[in-house]
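Dock chain V against the given chain S, drawing on the hints supplied.
Number of protein chains: 2
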Amino acid sequence: MTNQNQLAVKSVLDAWHFRVKAVNEILNKLTDEQLQHEISPGRNRGIYLLGHLSAVHDRMLPLLNFEQQMYPQLDEPFINQPDKAVAELPSANELRIAWSTINSKLTEHFNELQVDEWFQKHSNVSVEDFAKEPHRNRLSIIISRTGHLASHQGQLVLLK
Amino acid sequence: MTNQNQLAVKSVLDAWHFRVKAVNEILNKLTDEQLQHEISPGRNRGIYLLGHLSAVHDRMLPLLNFEQQMYPQLDEPFINQPDKAVAELPSANELRIAWSTINSKLTEHFNELQVDEWFQKHSNVSVEDFAKEPHRNRLSIIISRTGHLASHQGQLVLLK
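Top to bottom, those sequences are chains S and V.
For what it's worth, my numbering labels the leading residue of the first sequence as 1, then goes sequentially.
For what it's worth, my numbering labels the leading residue of the second sequence as 1, then goes sequentially.
Next comes chain S alone, as it looks inside the complex (with noise of 0.2 Å):
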């Protein structure tokens, strides 16, 4: 029989990897030029959505322990500033590679981990307030990173 934290792990993992691909099946649709579009008017751009995607996803390597952020130039332009603050972006097709690597990295990352070791603090919590705080661990990020992706993923379908 399957342990329930084990049960648990594996659906918000799959959670996870079904946004991402849900999130790719858009991309693959869309072509560079229509990322350019907003996806409402007045709103955000494609190209934004991908960036800002990318440089939160970017941001869990080290939030989760695992390694350095990959793309730290994205931290600025896609998540300190707004879109169309920012006059120079990444090409469209820059940001695509960013996007799939920092997922597979991530992916690679999972895969290593052991069901205990998903309830491990992440590295936004101190100790003392982990010890008081049992659920601000690595599986909350998981899960809060889903809803922010699918969020997104309910405005980049919008551009098709």
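Think of the hints as simulated: they come from the structure by calculation, not from any bench.
Some hints could be false.
Every beta carbon over 12 Å from chain V, so not counted as near; a handful from chain S, in silico [to be verified]:
#, residue
1, 28
2, 31
3, 77
4, 88
5, 100
6, 123
Derived lysine-lysine pairs resembling BS3-like cross-links, with alpha carbons at most 30 Å apart [to be verified]:
#, chain 1, residue 1, chain 2, residue 2
7, V, 84, V, 160
8, V, 10, V, 121
9, V, 29, S, 160
10, S, 29, V, 160
11, V, 10, S, 132
12, V, 10, S, 21
13, S, 105, S, 84
14, V, 21, S, 121
15, S, 10, V, 132
16, S, 10, V, 105
17, V, 10, V, 105
18, S, 21, V, 132
19, S, 121, S, 132
20, V, 160, S, 160
21, S, 160, V, 84
22, V, 21, S, 21
23, S, 132, S, 10
24, V, 21, S, 10
For each label pair, taking beta carbons as the anchor points, the in silico distance ranges come out as [claimed, not checked]:
#, chain 1, residue 1, chain 2, residue 2, range
25, S, 37, V, 131, 47 to 57 Å
26, S, 97, V, 43, 27 to 37 Å
27, V, 68, S, 68, 50 to 60 Å
28, V, 128, S, 116, 25 to 35 Å
29, S, 80, V, 131, 49 to 59 Å
30, S, 80, V, 132, 43 to 53 Å
31, V, 111, S, 80, 34 to 44 Å
32, S, 31, V, 84, 20 to 30 Å
33, V, 42, S, 81, 26 to 36 Å
34, S, 160, V, 75, 19 to 29 Å
Every residue, glycine too, gets a C-beta built ideally from N, C-alpha and C.
Frame of chain S; chain V shown alone:
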């Protein structure tokens, strides 16, 4: 020390309640008139998304083996049919009430469940299949429906 299964259930439920609250905050800022707008030109209207989310959450009541649907009449216009296919929809006010009532009812049931009960099968999987695929449990429904809600949250926010 808290068990890992208990921590995982808490994180999943926290994410659910976080999304419901975020959607409620968006809905509270939207007028009934704004809900009649499309999220992007030619796309679903806010009123349709509110009805759709209400119907999907209502169907969670039997899916999670809690009780019968409270608003089965929402299935046809908001799940079986796309937006603008049905001429007469419930009013925004009726849908706001349904949405709030359904989520409160779900919360009531959630609060009554013990951790172990989240790992019981949902109603859409057979006993035989569940024996082979024990991840098809109630908890996995919350995880996938939280993602569904998040994707439409990303759209509703465009109406503001």
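>> So, against the hints stated earlier in the document, which numbers end up violated here?
In response: The structure breaks none of the hints.
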